[in-house]
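Novice: So the chains spell out like this:
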Amino acid sequence: MDQSLIRNFSIIAHIDHGKSTLADRLLQITGTISERDMQEQVLDDMELERERGVTIKASAVRMTYTASDGQTYEMNLIDTPGHVDFSYEVSRALQACEGALLVVDSTQGIEAQTLANLYMALEQDLELIAIVNKTDLPAARPDDIAQDIEELIGLDALDVIQVSAKTGSNVEQVLEAIVRQVPPPKGDSSAPARALIFDSHYDSYKGVVAYVRVVDGVFHKDDMLRLMSSGADILPIELGIFSPNMRPVASLSAGEVGYIATGLKTVRECRVGDTVTLYHNGAAKPLPGYKQAKPMVFAGFYPSDNDDYDDLRDALEKLQLNDASLVYQPETSQALNFGFRVGFLGLFHMEIVQERLEREYDLDVLATAPSVEYQVLLRSGDVFTITSPAELPDESTIEEIREPWMVIEVFTPEDFIGPIMDLVTGKRGEYISMEYIDRTRVLLKYKIPLAELIVDFYDRLKSGTRGYASLDYHFDEYRAENLVKLDVLVNKQPVDALAMIVHEDVAYHKGQRLVSKLKRLIPRQLFEVPIQAAVGKHVISRANIKALRKDVLAKCYGGDVTRKKKLLEKQKKGKKRLKMIGNVEVPQEAFMAVLRLDDDD
Amino acid sequence: MLLLPGAAHTAAPSYHAPDVPLALYLHIPFCRTRCTYCAFSTYSGLSALIPPYMDALAHEIQLVGGGLKRPAHTVYFGGGTPSLIPAALLGHVLDRCRDMFVLPPGAEITLEANPGTVDDTYLRALRQIGVNRLSVGMQSANADELKLFGRCHRQDDVHSTVHTARRVGFTNINLDLIYGTPHQTLAAWQHSLDTALGLDPDHFSLYSLGIEENTPIQRQIALGTLAFPDPDLAADMYEWAASRLAAAGFEQYEISNWTRPGHASQHNLYYWRNLPYLGLGAGAHGYAARIRYANIAHPAAYIECIASQPVPLEFPCSAAADTINSVDRRQAMAETMLMGMRLTVEGVSLDAFRARFGHDLWSIYGAELDRLIASGLVEHTADARVRLTPRGRLLGNRVFIEFV
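The listed protein sequences correspond, in order, to chains A and B.
One point on numbering: in our numbering, the residue at position 587 of the first sequence is 587, and numbering is uninterrupted.
One point on numbering: in our numbering, the residue at position 98 of the second sequence is 98, and numbering is uninterrupted.
No lab work stands behind these hints, which were simulated from the structure alone.
Keep in mind that the hints are not guaranteed to be accurate.
Simulated crosslink set (SDA-like; lysine to any residue; CA at most 20 angstroms straight-line) [to be verified]:
1) 575/A x 370/B
2) 572/A x 561/A
3) 564/A x 404/B
4) 566/A x 332/B
5) 555/A x 266/B
6) 564/A x 323/B
7) 294/A x 201/A
8) 566/A x 329/B
9) 555/A x 34/B
10) 318/A x 386/A
11) 555/A x 390/B
12) 147/B x 225/B
13) 564/A x 239/B
14) 555/A x 225/B
15) 555/A x 263/B
16) 517/A x 570/A
17) 519/A x 489/A
18) 566/A x 404/B
19) 575/A x 329/B
20) 427/A x 512/A
21) 564/A x 207/B
22) 537/A x 506/A
23) 318/A x 201/A
24) 485/A x 458/A
25) 492/A x 478/A
26) 445/A x 432/A
27) 485/A x 512/A
28) 572/A x 554/A
29) 294/A x 354/A
30) 572/A x 397/B
31) 570/A x 39/B
32) 573/A x 587/A
33) 206/A x 294/A
34) 546/A x 239/B
35) 572/A x 367/B
36) 485/A x 463/A
37) 572/A x 370/B
38) 485/A x 386/A
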């Protein structure tokens, strides 16, 4: 394929600004998808993606478009995940492109994630085409938003294309702009072949299918290949393109986007960001920018029913086939028996994984409160990392505990600056800066411990700003802090799954809240149950759950034994969902109570 | 220990018990007004249906009886409000029972009566047709509670009903009381029970108020205009009542029932001993010949069903049966446990269990019983019975769920 007739681009948008709808229209106009096969969010084939209206995995699709200049172009659209948890994946996808469409909702304006992705696109030197979408809505302010875009990134407001992806109005212009403005790829067709892996999925027949952008040279279908970081050598099962379904081709050459069905059985050997080259006469240097995705948030996942342990392991294994950033290892809890410590890119990622386990694998999973990765410096000078409070060694051996801090960027209408300040300060955050990005909205920057960020921060940010604020974050540094382990004792037994690492200044407050929360959540038992929170040997809060006195059906209406049995069966079923901690029955919600300590109930 | 008449039956029947006499439950699904706590099968404003309904009931008795003259042990008119029915119509139905079943002389025949619906003439007529046990829905001696319940009677009505009943010859009178109600104080409860004791009944049923779905009282609680009753206070009320009644010479024999010696409800013992009973009438439940069934609830539909049935069907159901479930041995054992454990003195006898099911009780429920005994809710008595401990009586569900 002549590189001058190829255009590779992706779409950058905040969640709900219409990225998937615009993609749908492009596919329709180019005839890539027949009217008959058209459905909403064509590229989001996961049930969860459709339901949440957000792209979780990247995908690619090739379109053919005959432009007004009479030439026929190969247009590759690379769809990117729509959540900050997956920003590394987004950066790889953007690296596979020469241009990006910046889609902004003409009723909402620019948001934090749009800007974060936009910066990434600018870093990669991508040609930007700005689009304001949803011009069909009565509340649309396309001219205002176009003006904001001009002020923010210096694109001429007159060049901003005003479209309605929903009605299709002006969408053709977008295709023309891509042809005109996005530069063709400039790879060296004769150099040793190199391709960037920007995503992958697992196929039970073809193994791991790597999504690639060929940068230099040509790959032929019978070539032996090498993955440069993992060192895996493979004879691929097939090469192909997405149109939008997988279609085998004989070769993929410089500038093209397609897939390599590797036949590999695990994604570990085929990571996003890795470079594919030829086994014989391969390239000497990989493409820049590969880094291993690093989990930031960790939680214990336990099967509600201990018998499901093997099923949970199998399910995690299968999920990992499609999700290289998911890591897990077996973990044992005194309270919850056998389970896994699972690492995630962020809380959203965790939610997605938990939901997929429950939906796609029909597992009832009990998740402990999420934790971050702490660095522990021992008196001996050794440093090691822990991802669970239970791993913290004896207090007397610890020199210091360090926790990860993040930089966050919050976009908000100026009216909400006060509440956001309060929220961030209440979570140990530090102010960095504030700047106006348009007439009424500001960009606030703070530093904040990740541990505070993962506990209800996002929900409270949203509720405190009536949904207007948006958030982006990235890792900043590890900092030594006055951190202590807060133990929870139920019926005088410490419960490892309820322990947490907290800042000393708030230990007392958190201990009290946790105890009163647990007192409400744990049902009365046949005996009195003390609940205690302790730091070291020092009990900082205690409450007693009084023994249950009365639980009996008074009468059986006119011999209706069936009704009575139904009530008892219902009660028994409810009891089955409780976890036995020693001889105390604890509901699953108790293990997540840590996350809702500041609720007002 | 309290020996109950009829206890000998527990040793006799095999699990489907063909040779055991039946108890007959006759449902009267009519009320003048609905009580605010009631979720039971009853209707107000349908009094025009009463005569055809009673005819249908008599017809169902005939259809189910099928000319086999099975022995019957008790008859119970429950409701609803059976005392709304003219005595002559009740008598007609009772005659049909006697035609179709063999009722021994002196068999217990109970009628539930609402105070204020009965007078001297009516009670005399009840005696005349053979009713020998009166169960009076007193519920409370406090006007505010009666108002909350939506009861139509006043405390004076209870007084006159009981006295008139005594005068016309009733020697077996039960009073129903409800405790553990929203905003009820311990003192208010004590007043109700003491007032009831002053009427000198032979039997008490004390029911802790159950908040049933779709009742006015439940809706008020959901709206927050009524407080959910405090279960600990209800436990205090129960314990106080148990000691008060013991001091007054009553013996407890079931979780909610107390009797003067010799006046235990023969009919209700059938349920608790898991013995066969026929449910006749709209919405009635029955259990016989390894089948549990329930009749269609609405009286008009019931009348229609019975009218459409020309000949007897397979015992024990009529064409009005709406749900029919067979009970296998395992279920019968479970039901024997969860009903039998309600009997606070008798409990479940190991001998009777073995005789009925051919298995040792411990071989079936050993793990459950050991656990319950260890937790102090159940005791294994010297005379080879398992039963609730005094503490277990208030925590019965914790025991029962082990068997469902």
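Novice: Each hint: holds or not?
Specialist: Hints, verified against the model:
no.: 1; hint: 575/A x 370/B; verdict: holds (19 angstroms)
no.: 2; hint: 572/A x 561/A; verdict: holds (16 angstroms)
no.: 3; hint: 564/A x 404/B; verdict: holds (10 angstroms)
no.: 4; hint: 566/A x 332/B; verdict: holds (15 angstroms)
no.: 5; hint: 555/A x 266/B; verdict: holds (16 angstroms)
no.: 6; hint: 564/A x 323/B; verdict: holds (16 angstroms)
no.: 7; hint: 294/A x 201/A; verdict: holds (19 angstroms)
no.: 8; hint: 566/A x 329/B; verdict: holds (18 angstroms)
no.: 9; hint: 555/A x 34/B; verdict: holds (19 angstroms)
no.: 10; hint: 318/A x 386/A; verdict: violated (26 angstroms)
no.: 11; hint: 555/A x 390/B; verdict: holds (18 angstroms)
no.: 12; hint: 147/B x 225/B; verdict: holds (15 angstroms)
no.: 13; hint: 564/A x 239/B; verdict: violated (24 angstroms)
no.: 14; hint: 555/A x 225/B; verdict: violated (26 angstroms)
no.: 15; hint: 555/A x 263/B; verdict: holds (19 angstroms)
no.: 16; hint: 517/A x 570/A; verdict: violated (25 angstroms)
no.: 17; hint: 519/A x 489/A; verdict: holds (12 angstroms)
no.: 18; hint: 566/A x 404/B; verdict: holds (9 angstroms)
no.: 19; hint: 575/A x 329/B; verdict: violated (26 angstroms)
no.: 20; hint: 427/A x 512/A; verdict: holds (17 angstroms)
no.: 21; hint: 564/A x 207/B; verdict: holds (15 angstroms)
no.: 22; hint: 537/A x 506/A; verdict: holds (17 angstroms)
no.: 23; hint: 318/A x 201/A; verdict: holds (11 angstroms)
no.: 24; hint: 485/A x 458/A; verdict: violated (24 angstroms)
no.: 25; hint: 492/A x 478/A; verdict: violated (35 angstroms)
no.: 26; hint: 445/A x 432/A; verdict: holds (5 angstroms)
no.: 27; hint: 485/A x 512/A; verdict: holds (14 angstroms)
no.: 28; hint: 572/A x 554/A; verdict: holds (18 angstroms)
no.: 29; hint: 294/A x 354/A; verdict: holds (19 angstroms)
no.: 30; hint: 572/A x 397/B; verdict: holds (9 angstroms)
no.: 31; hint: 570/A x 39/B; verdict: holds (18 angstroms)
no.: 32; hint: 573/A x 587/A; verdict: holds (12 angstroms)
no.: 33; hint: 206/A x 294/A; verdict: violated (27 angstroms)
no.: 34; hint: 546/A x 239/B; verdict: holds (18 angstroms)
no.: 35; hint: 572/A x 367/B; verdict: holds (16 angstroms)
no.: 36; hint: 485/A x 463/A; verdict: violated (30 angstroms)
no.: 37; hint: 572/A x 370/B; verdict: holds (18 angstroms)
no.: 38; hint: 485/A x 386/A; verdict: holds (12 angstroms)
The earlier numbered hints that this structure contradicts are 10, 13, 14, 16, 19, 24, 25, 33 and 36.
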